[in-house]
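*Asks:* Residues per chain are reported as follows:
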Amino acid sequence: MSSVLYDAPGPRAKRRNLIISVVFVVLLALLVWFIWDTMDEKGQLEWALWKPFTQSEAWTTYLLPGLADTLKAAALAMVIALPLGAFFGIARLSDHRWVRLPAAWVVEFFRAIPVLLLMLFANEFYDRWTNVTSEQRPLYAVVTGLVLYNASVLAEVVRAGILSLPKGQNEAAMAIGLRKNQTMRTILLPQAVTAMLPAIVSQLVVIVKDTALGGVMIGFTELLNSRATMASFYANVIPSFIVVALIYIVLNFILTSFASWLEKRLRRSKKSTGAVLSAEDMEELNPAAVGGSFGTGGEGGGLPGSRTYL
Amino acid sequence: MFDFLSDYDNPTLLGAFWMTVKLTLLSGIGSLVWGTLLAAMRVSPVPLMRGFGTAYVNIVRNIPLTVIIIFTSLGLADIFGVTMGASDFKVQGFRLAILGLVAYTAAFVCEAIRSGINTVPLGQAEAARAIGLTFSQTLRLIILPQAFRSVIGPLANVLIALTKNTTVAAAIGVAEAAYLMKEMIENEAQTVLIGAVFAFGFVVLTLPTGLFLGWLSKRLAVKR
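Residue numbers (full-length UniProt numbering), protein chains in the order written: chain L, 1 to 310; chain S, 1 to 224.
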């Protein structure tokens, strides 16, 4: 790999890089040795602790039901949050002040509050004022918390997605005499949805990660919670953490890869306007600026052939 | 109406939010340092360091913060004996939470800085090398100062996310805002009022941060 930050290494640079590499390897090796040695000392390497993962019992009793609950909560949250987010996102683009401002306040309010607070509140709310059974309550609370937060994030995605479309689309629709409602429904939204897909898929990663909060704080039986149950049965603290972390990494890695594949495909596609809202664009949406304007859009991907450092 | 607030003194409402602020500031500083180091590794000439930086970011970003925080307590402290030099349980939880938050947030800081490095025109690096600066000089004197100015906005978002993420520390018993809220909301009748008080607290913490850093990022943006 060549970079503009440094020259192609000559003999001296090669030697220096080698020395740095060796020092770095030694430091890493020391760390690995410390971890290995401590685990050995505490008996965490014993086969008895790892063996459950090679048998079906650990998976069918603990991990798979936990994973199923994680996925269930994430899917429910996404499915409910999407239309809600679309509603608030479009409301924020309204020409009427009395629609635009309340929508903006709701969105900014829920984006400023930690998901955990929303979950704790929802849990107590369902306990006091509804007759949701106590087995179902954690799931309800987790999904409610995730929906409130993610709907407000998705509202911003939808808004950015619509704003990312070329202005000509809106103008052409107006020129052929479509109403505002028709323009939004038949021209802007269908194109914006395509542009938003990668951002929506990346938001799924955030949702999956946040379900773990419900497991610890309100006793939702998702993956991390099942880990605790499993570890108290097999006494395999470290192995269970490693396996559960791996499951999360693989799951989220698949989602992230899918999002960037979608993004690349959409950028290449000649059918769309080429406007794509990527995960990086999302990070630029300032979560605290009320009514702030921002520009994301077609230029997000950089010009074809433009050089970058990385 | 607000009587119940004075029934809690371990922590008090202000004490709990002060803990949130302390967690945010300390882990903010920590993750800025560690994240910058990671970003430097990711653009360095040594392939091994580049690989390490990439692997670290991709692994850590895909693990839930909750898993990391719980692991610092059940794994690092209980099994590996990493107690961060703390004698009592409360201090240990506080320090471990910071460790977990730094490890997690640094991955996002690294990505923000890396994207900032990409906004610096290539001519800057080429000119720096042309006058004979080494890699570390190019990075320290030319690239990073400009990159930092352009990533104040993204870093502000990371800081706001970090403020909200400190609530996860409640999972290992750090007495911050979410911890107190859980205790209050389970014991008091004024559910909605308690929710509103804590929500207001977080709005007060995150909104000015966002507005101030947003203003700062516009002011310091490199005009090109």
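Honestly, the hints are just simulated from the structure, not real lab data.
Misleading hints may appear alongside valid ones.
As the list claims (entries may be wrong) - Heads up, simulated SDA-like pairs for lysine to any residue below, C-alpha to C-alpha not over 20 angstroms straight-line:
hint: 1; chain 1: L; residue 1: K14; chain 2: S; residue 2: G132
hint: 2; chain 1: L; residue 1: K51; chain 2: L; residue 2: K167
hint: 3; chain 1: L; residue 1: K180; chain 2: L; residue 2: R100
hint: 4; chain 1: L; residue 1: K42; chain 2: S; residue 2: L141
hint: 5; chain 1: L; residue 1: K14; chain 2: S; residue 2: V82
hint: 6; chain 1: L; residue 1: K51; chain 2: L; residue 2: K180
hint: 7; chain 1: L; residue 1: K42; chain 2: S; residue 2: G15
hint: 8; chain 1: L; residue 1: K14; chain 2: S; residue 2: G75
hint: 9; chain 1: L; residue 1: K14; chain 2: S; residue 2: Q137
hint: 10; chain 1: L; residue 1: K14; chain 2: S; residue 2: G51
hint: 11; chain 1: L; residue 1: K14; chain 2: S; residue 2: M49
hint: 12; chain 1: L; residue 1: K42; chain 2: S; residue 2: Q137
hint: 13; chain 1: L; residue 1: K167; chain 2: L; residue 2: S94
hint: 14; chain 1: L; residue 1: K264; chain 2: S; residue 2: S115
hint: 15; chain 1: L; residue 1: K14; chain 2: S; residue 2: T134
hint: 16; chain 1: L; residue 1: K14; chain 2: S; residue 2: T83
hint: 17; chain 1: L; residue 1: K167; chain 2: L; residue 2: I90
Quick caveat, the model's predicted, so the values are computed rather than measured.
*Asks:* Now tell me, hint by hint, if it's right for this structure.
*Replies:* Each hint tested on the structure:
1. L:K14 with S:G132: With a Cα-Cα distance of about 18 angstroms, the restraint between K14 (chain L) and G132 (chain S) holds, given a limit of 20 angstroms.
2. L:K51 with L:K167: Violated, at about 60 angstroms.
3. L:K180 with L:R100: holds, 15 angstroms
4. L:K42 with S:L141: This hinted pair is violated, its Cα atoms lying about 47 angstroms apart.
5. L:K14 with S:V82: violated, 37 angstroms
6. L:K51 with L:K180: Judged against 20 angstroms, a Cα distance of about 63 angstroms means the pair is violated.
7. L:K42 with S:G15: violated, 37 angstroms
8. L:K14 with S:G75: violated, 40 angstroms
9. L:K14 with S:Q137: holds, 18 angstroms
10. L:K14 with S:G51: holds, 17 angstroms
11. L:K14 with S:M49: holds, 14 angstroms
12. L:K42 with S:Q137: Distance of about 45 angstroms is beyond 20 angstroms: violated.
13. L:K167 with L:S94: holds, 16 angstroms
14. L:K264 with S:S115: Cα-Cα ~18 angstroms, so holds.
15. L:K14 with S:T134: holds, 14 angstroms
16. L:K14 with S:T83: violated, 40 angstroms
17. L:K167 with L:I90: Roughly 16 angstroms separates the two Cα atoms, so the pair holds.
Consistency note: the structure conflicts with the earlier hints numbered 2, 4, 5, 6, 7, 8, 12, 16.
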